[in-house]
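Colleague: Protein chains in written order, with full-length UniProt numbering: chain F, 1 to 414; chain Z, 1 to 414.
Among these hints, one or two may not hold up.
Looking from chain F toward chain Z, a few residues come up when the C-beta cut is under 7 Å (computed) [said to hold, decoys possible]:
#, residue
1, I155
2, R160
3, A161
4, S162
5, P174
6, Q177
7, P186
8, F188
9, Q212
10, Q243
11, P244
12, L282
13, Y284
14, S327
Rather than coming from a laboratory, the hints here were simulated on the basis of the structure.
For each residue, glycine too, the CB sits at the ideal point set by N, CA and C.
Here are the chains, one letter per residue:
There are 2 protein chains.
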Amino acid sequence: MTRLRPSWVAGANDPETDFPLNNLPYGVFSTKALSPRCGVAIGDRILDVARAEAAGLTGTRDLVQAAKWNPLMAAGPEVWAGFRARIGALLAEGSPEREAVAPLLVPMADAALHLPFDVAEYTDFYAGKQHAINVGTMFRGPENALPPNWLHIPIGYNGRASTVVVSGTDIRRPVGQTKAKEAAAPSFGPSQRLDIELEMGAIVGTPSTMGQPVTVAEARAMIFGYVLLNDWSARDLQAWEYQPLGPFQAKAFATSISPWIVTAAALAPFAAEGPEREVPLLRYLVEDTPGLYDIALSVEMNGQTISRTNMRELYYSPAQQLTHHASSGCAMRTGDLLGTGTISGPAPDSYGSLLEMTWGGQTPIRVGAETRAFIEDGDTLTLRGHAQGDGFRVGFGACSGRILPAPDFFKETT
Amino acid sequence: MTRLRPSWVAGANDPETDFPLNNLPYGVFSTKALSPRCGVAIGDRILDVARAEAAGLTGTRDLVQAAKWNPLMAAGPEVWAGFRARIGALLAEGSPEREAVAPLLVPMADAALHLPFDVAEYTDFYAGKQHAINVGTMFRGPENALPPNWLHIPIGYNGRASTVVVSGTDIRRPVGQTKAKEAAAPSFGPSQRLDIELEMGAIVGTPSTMGQPVTVAEARAMIFGYVLLNDWSARDLQAWEYQPLGPFQAKAFATSISPWIVTAAALAPFAAEGPEREVPLLRYLVEDTPGLYDIALSVEMNGQTISRTNMRELYYSPAQQLTHHASSGCAMRTGDLLGTGTISGPAPDSYGSLLEMTWGGQTPIRVGAETRAFIEDGDTLTLRGHAQGDGFRVGFGACSGRILPAPDFFKETT
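Only chain F is shown next, with the shape it has when bound in the complex (with noise of 0.2 Å):
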């Protein structure tokens, strides 16, 4: 396992905070004096990198110009890693630039964050093995818990791009048709069964061409970085809509990412193996080096921690999940954002979903001195995520958001 990595900025050495200088997570910020730009998360400050560049400080022009990460991410492996080089070597303890650089520090207490980068389109998969036990029970039964070609395929759908905000972002609870079992037709109004799931996101940077799949190596190497990613979902909107064509409505309100992406290079240190195959996979899924990254994530209600788990409970990589997209020819584009699916460890208190640590709302959790089937106006959820080494953490910040009462539409329920 590497070491900390000095860095001469406040908190960078912290073991404690997020972003040493083994991180440097990109997002976008903007203070009160500064509208929103690239930034480059050390300790607890953001480098302002768009002032950086300007300065001919980081061996690139004019590709963190722009208030998104998409044209450096555009710009492939090799631009990645002399960006990311030539930023570690500004931030190190001794570096000859500090003088220059200080100035450009900005108090992170001080800046508001946005997302960090324009979404492409949004997908989402269904690669945790315990959680697609979970739901098939709940939603299928016991018997078809499991779906026949679920561990041949690594299952995904669709999702909303217009909807993905960053961290911090209010979430209107969602209105639409939910239909109870006795009930003779179904009637419209604010979901009841308002749901998270803990997922991470795969960022693509360079994109793929139309007609031509990609190798499980060449996927990796798309991969530019990671986010924490909140799947909020509407279970009663979700249990009536979603057969045959899967979910619609009941995503499409919202999902919540972190505001740093944290690079596939600042993770490598952590790449973990995955659970052992139980049927082999077919031969352009197969990964030979390791997938998965060994990520402590966590669910906070209110505050109260109510989920710990592990991106290690993946049974699908994301270099596996991006192969699979691209595998008919779907072309692959930067920016797009792929969902992990729900990340659910063994037992309830390690369940990535308030639909599985409550068993469909049937046993409540204890969330401080109250309990919880579902989410309620003006909850706050947040999920964290991070890597441990030796004396420091790569961390994601937080993924946080607050829900706030359905939107008055058509009041009446049928």
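The hints should help you fit chain Z onto chain F, whose structure is shown.
Modeller: Chain Z in isolation, oriented as in the chain F frame:
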């Protein structure tokens, strides 16, 4: 029914042209001399509206200078109406601007046509009842053909925008996982059951806000125009992958659209009622005015017509689909493309897919001197559509694509 509006442009008053003055559809074209730009079809000519705007002839500024229609689409219904009225005046018989406009007309035969707008996201609905019954019978048996939600919800799923291509683009046969019923495990290779879906696509002009549903009347006003849409489908991939989260790679490899956006204004005289409701709709979906259009549609394979149907066969209108799409609070954006779902009539010669025409491949159809169960390499599939006026028609042009052999990629099948 409205009558032909006479134009001074060659061919525009021909009763067989798709592009009389009544139509004025929007495309993007290039010639040897002209880079890609916005154009309006009129008879067998294209009006170079980029140059027309620059010359002060259109009454707009910087709305059609990009080689996409998105800026005008985002400008809203009042601007759309003003622009259409102005273009109509320029091209009408007796126009005082004829001498200024004539040099801006390009022969359609000299032009290459491009995708007319940037597709923000692509959603595909399932709003044809005969199609849903046919496919449901084949995939799930006659007793479960129409899902219980179908008469209440315009069922839809998110598709893939990165592979929406303009008519004339060759389509590579997709590869993917399939599993024969008797096989112990799936295999990987070229699709053997490649199909079309005859659809129309509605294009969102003005956006909606995240967290705010829209009414059917608001949704109707948001729709900029329509295209023909072929939702290419790999039935063998689809059958194996689609449970439980819906179609994914079976549809992700390509979607073709016709090159001309026919505006809602041009189609208004052809508005038509949909079928009777079999059960009452929830109030948010009730549409008080005719939401469909009387548009004759056909499918050709290698120049032979194999099916004829009409947009009136849809059970849900595009405005109802858009309303449902936004109902959860899902933000809709300029450039969103909403496929209607396959439009099948009551009999096999009016079905909108080969899957239905050949009943799952069991009864191949005659195509000239040959027969087909599904599409073979080299086959060209073409959709056509038009609304019939009194001595004129409002047509879409062709939506055509030829199938190329599958890519070389992991040729072994297991």
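Colleague: For every hint, state whether the structure bears it out.
Modeller: Checked hints:
1. I155: holds, 6 Å
2. R160: holds, 6 Å
3. A161: holds, 6 Å
4. S162: holds, 4 Å
5. P174: holds, 4 Å
6. Q177: holds, 6 Å
7. P186: Cβ of P186/F sits 5 Å from chain Z, so the hint holds.
8. F188: Constraint on F188/F satisfied, holds at 5 Å.
9. Q212: holds, 6 Å
10. Q243: Holds: closest Cβ of chain Z sits about 5 Å from Q243/F, inside 7 Å.
11. P244: holds, 6 Å
12. L282: Since the shortest Cβ distance to chain Z is 5 Å, the answer is holds.
13. Y284: holds, 5 Å
14. S327: holds, 6 Å
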